[in-house]
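Student: For reference, the chains in residue letters:
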Amino acid sequence: MKKLLFALAVVVGFASQNIVAQDDMIIQNLNIVPQSYYSNPAYIPQCKIHVGFPALSSLYIAGGHTGFNAKNVISINVLDSVEVDMESLVDQLKKNNYVFADVNEEILSFGFKFKEKHYFNFALTEHVSFRFSYPKDLIEFALYGNGALLDETLDIGNFRLNASHYREYAFGYSYIYDSKWTFGTRAKLLFGKANINTKRSDITLTTESTFFDITATSDILVNTCELNHFTDTNYEFDTKEYLLNSKNFGMGIDLGATYKYDDKLTLGLSVLDFGFISWKSDPMNLVSNNPGGTFTYEGVDAAAFFADSTYLDNALDSIVEIFMIDTTYTKYKTMLNTRIQGSAFYAVTPKNKLSASARIQFFDKGIHPALSLGYMHKFGDIWHVTATYSMANHNFTNFGLGFSLKLGFFQLYMMSDNIFAPIIWNRYSWTETRDGGEIVDNNITVPSNWKYMNFHFGMNFVFGCKPPKDYVPIID
Amino acid sequence: MKIKLLLFSGFLFFASFFFYACVKDDFDMDTVTATNWNPNGAAPLINSDLTLWDILKDYDSTDLLVVDSNQFVYLVYEDTVYSQSAEELIPIGNQAINYTSNLNISGGPLSGDFTTSYDYDFDFSLGGGIELDSMTLKEGWLNMVLNSDLNYPATIIMTIPGATQNGVAYRDTLNYVASGSSINSNLGGTKLVFDNSIVDNRLQVHFDVTVHGNGNANLSPYYLNFDMAFSSLRFRYMYGYLGQFNLNLNNDTIGIRINNNSLTGTVNWEDPRLYINVLNGWGVPIRATVDYMEAIRTNAPTSSVVISGTGIPNPWDISSPAAMGQVATSGFVLNKSNSNIDAALNITPQRILALVSGSTNPNGNVVKNFVEDVSRMAVEAKLELPFYGTANGFILQDTFDLDFGEDLSNVEWLLFKVYTKNMFPIDGDIQLFFCDSNYVQLDSLLNPLEQTLVAATPGPAPDYIVTQPREKTVTQTIQGSRLNNLEITKHIIVRARLDTYSSGTQLVKIYSYYKLGLRLSAQVQFKFNSNEF
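Note that the protein sequences, when read in sequence, are chains A and B.
Just so you know, we're using the working numbering here: the first sequence kicks off at 1 and counts up by one.
Just so you know, we're using the working numbering here: the second sequence kicks off at 1 and counts up by one.
It cannot be assumed that every hint is accurate.
Unchecked claim - Under the rule of at most 30 Å between Cα atoms (straight-line distance), these lysine-lysine pairs were calculated in the DSBU-like manner: (1) A:K48 x A:K351; (2) B:K472 x A:K95; (3) A:K115 x A:K331; (4) A:K136 x B:K490; (5) A:K95 x A:K365; (6) A:K180 x A:K351; (7) A:K333 x A:K365; (8) A:K199 x A:K136; (9) B:K515 x B:K527; (10) A:K180 x A:K117; (11) B:K24 x A:K94; (12) B:K527 x A:K94.
I should point out that these hints are in silico values taken from the structure, not numbers from a laboratory.
Keep in mind that this is a model prediction, so the values were computed, not measured.
Next comes chain A alone, as it looks inside the complex:
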């Protein structure tokens, strides 16, 4: 049993730096890659024309866990025995901890410059994201008990599951205003396919220190779209109908600008994914019958208990009434994961460039910042490499690498914000005695300190990659 628990801890804790991102930060350093305009629509790629390799022009995969990882919890002591440090586990947790995964798959894309000052682009992308948060308070509550956390409001029910699949049609336009300023925008038409959105999941527990009165509150609203079908056991999933569903319409926009301070320094600012999706097809809402309902248990009224045989039943009915969850079927709206990003690029030499960027994201009623420092070196027009160091959400050990290789019209790129973590792995092994006495060796191998990883890969066909120097703000 304990081995199973440990194994579970290892699996759950296998990830991340506290970045919860929908794209990588490193890509902005490789401006020869057309998809670099994902980080700022004012970035105009170096090549005049690009056509993405169908279905392979940009594949972005990310996943992680912002809480603890196995390294924090499991260690080997001087007696060569494995130790599990639950205190360390709790210490590693933040107020809210996330398990997340993102996949962005660009199906089609192309872009071209027009009269040197105008850049148009288009991309059709499938976005799938999953983010599950759990509260540190719940782990503390389970580990320490309510008696050790008196007078603290424990947010034990803050489980938020947010997952979406939507299709994005993005139309981009960038304009070189003058020798200093460049502006850009990407208008997005969005078509949601499926969604689950935890708008509120506030279940709190407070034990006051005088008489240990326990107060619980509950306020839950979980919206789902296209998931209600699965409550019907006779439902048969229709892939075509699912993929062509256009009832959940949304819009979004990216805005960006760059300012070329001088020949070496260029500054950029962008607002990304500002928009929404209205979820209308097969919506289902799980909502508290009594939003914000509060119940305080102060002990049994002995007099009432002995006088009224239904006392406990009535009390339970009251609690159920307060915390009951109702099901409704109302359409709802979700906002995109808006991000604001500022960047600075400094060309040390024509082939060497430094960069710094800061990004803030807004979700779960909080601001989530990230900072990245980068270096890019260009080996001619063929091979560009970049390395980054990132800090995000109090995690300071993320080293990224990326490159772009251009062979003729063909361009290949590959990058990651966190290259070292997935390289070093630990193996956790145990024996298991099965029915019949058979002893089986089990093991699981997971990254040693891997709390987060992303991977971005793509192939394009690029043409006309020698731009007039005066009109390209960032690249050389």
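Position chain B against the provided structure of chain A, taking the given hints into account.
Tutor: Same frame as chain A, now just chain B:
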């Protein structure tokens, strides 16, 4: 070419970062050392605002707390110590009479009818000198058997003028065919009016006999034997003189259940009252004698006090109602000024015994009586205890079953917190004793030196009203070897030593709005080890 080779080598180097991985450490999870898990749980257990009703409920669920217009509380124990109906008092036995007469029919064989008649007196035999004027029956039977050697058929008409049914004199016919012929009549609803002019309780019976000649030989003289009986008589009304009967009214006692769980100590009730009331529905004069009254303490140490005083009337003439259906009430009350009832209650008795005797018509047959079968004579005793007085060292104790479980090895310590907010002017030292299955005390919960309940300060006389409750919090932790005692605890004894304000030296009064706020909370420190799972 070299440059392209260099670039390609660099590409492979970078790409290898994405696909190469190495195992740094091996963890043999079979060697995991034990991990401790020490959660701490805390919860409130009891939160009550207890009124006097709530507190006394366990002891006095069948008794009554009474509140006057000033919200002053009385504890009232009321019991019917004697109750008897008139039917139970005066049983009417079966009545029987047997008459024999000769019948002479002159001449030879009789071929026509021959008539004759007889009159007899039926005297009821009733005990106690009863002299009834009338009696209405709700049930009863009259049976008459004619034994004779008469060899002719005959018709006998029996008439009782003093017995009427719906105003018509009783009349019934017996057709004689052979010796032993009989009739049986239902007397329900029959009113019997007795003729007491010569002999008490007499009814006159008249027989008209018609012999029907059939040509048989005349064998005169014949004998006629009338065997009559009134049986299963139950009266509804009875008028007249009902005689002298002794009444034993000592069938019961008054239970004072508030003292059932008292161990020791004194309670000085400042204004106790013991009411003895007789409710008499019989139209019969009664004279009672209070033979003996005693307060008895059955709990150890046992004791008793004979209740005496000028307030006890001896002899005691009980009033009787003026008309059927009415109830006359007679009574007396014992209090501090006319008896030692206060001293008797000081011993915290569990019951009061009252021996009362009496007799009906103590002056003989001087007044007419009347009773209805359901009319009753009842003696009711009521002990009224206004919560006004003092108490000192009054100890209440009760026992409950309790089981903490046989294994508390995962408990490191257990903390109990008791909070009281007391509006009663009563100090209390409360202790909980943990006992094994043989009621052997293993441990106690609270520090014996720490008073649990602090008396609120009463106001000035004469009302002694408390305005400010007193609060107290007591905390106790059980740990170490004391936890072992809890594992074998099967019973818990709750003992409370109660003193009224100022160690029972100051008079206090209890009002209905007084409350005892009681909160009991517990905190448990657990200790688990991963090897246990």
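Student: Now look at each hint and say whether the structure bears it out.
Tutor: Evaluated hints:
1. A hinted pair counts as satisfied when its Cα atoms are at most 30 Å apart, and K48 of chain A with K351 of chain A qualifies at roughly 20 Å.
2. Taking the CA atoms of K472 of chain B and K95 of chain A, the gap is near 38 Å; set against the 30 Å cutoff, the hint is violated.
3. Pair hint K115 of chain A plus K331 of chain A does not hold up; C-alpha atoms about 45 Å apart against a cutoff of 30 Å.
4. For the proposed pair K136 of chain A and K490 of chain B, the alpha carbon gap of about 41 Å is over 30 Å, so the pair is violated.
5. For the given pair, K95 of chain A sits about 13 Å from K365 of chain A by alpha-carbon distance, which is consistent with the 30 Å threshold.
6. For the given pair, K180 of chain A sits about 21 Å from K351 of chain A by alpha-carbon distance, which is consistent with the 30 Å threshold.
7. Distance hint between K333 of chain A and K365 of chain A is fulfilled; the C-alpha atoms sit about 16 Å from each other, no more than 30 Å.
8. Of the pairs offered as hints, the one joining K199 of chain A and K136 of chain A holds, with about 19 Å between alpha carbons and a cut-off of 30 Å not exceeded.
9. Between K515 of chain B and K527 of chain B the CA atoms are separated by roughly 39 Å; this puts the pair beyond 30 Å, and the hint is violated.
10. With a C-alpha separation of about 12 Å, the suggested pairing of K180 of chain A with K117 of chain A holds against the 30 Å cut-off.
11. For the hint pairing K24 of chain B with K94 of chain A, the CA-to-CA distance comes to about 27 Å; that is within 30 Å, so the pair holds.
12. At most 30 Å may separate the alpha-carbon atoms for a hinted pair to count; K527 of chain B and K94 of chain A meet this at roughly 26 Å.
Going through the hint list in order, the structure does not satisfy hints 2, 3, 4 and 9.
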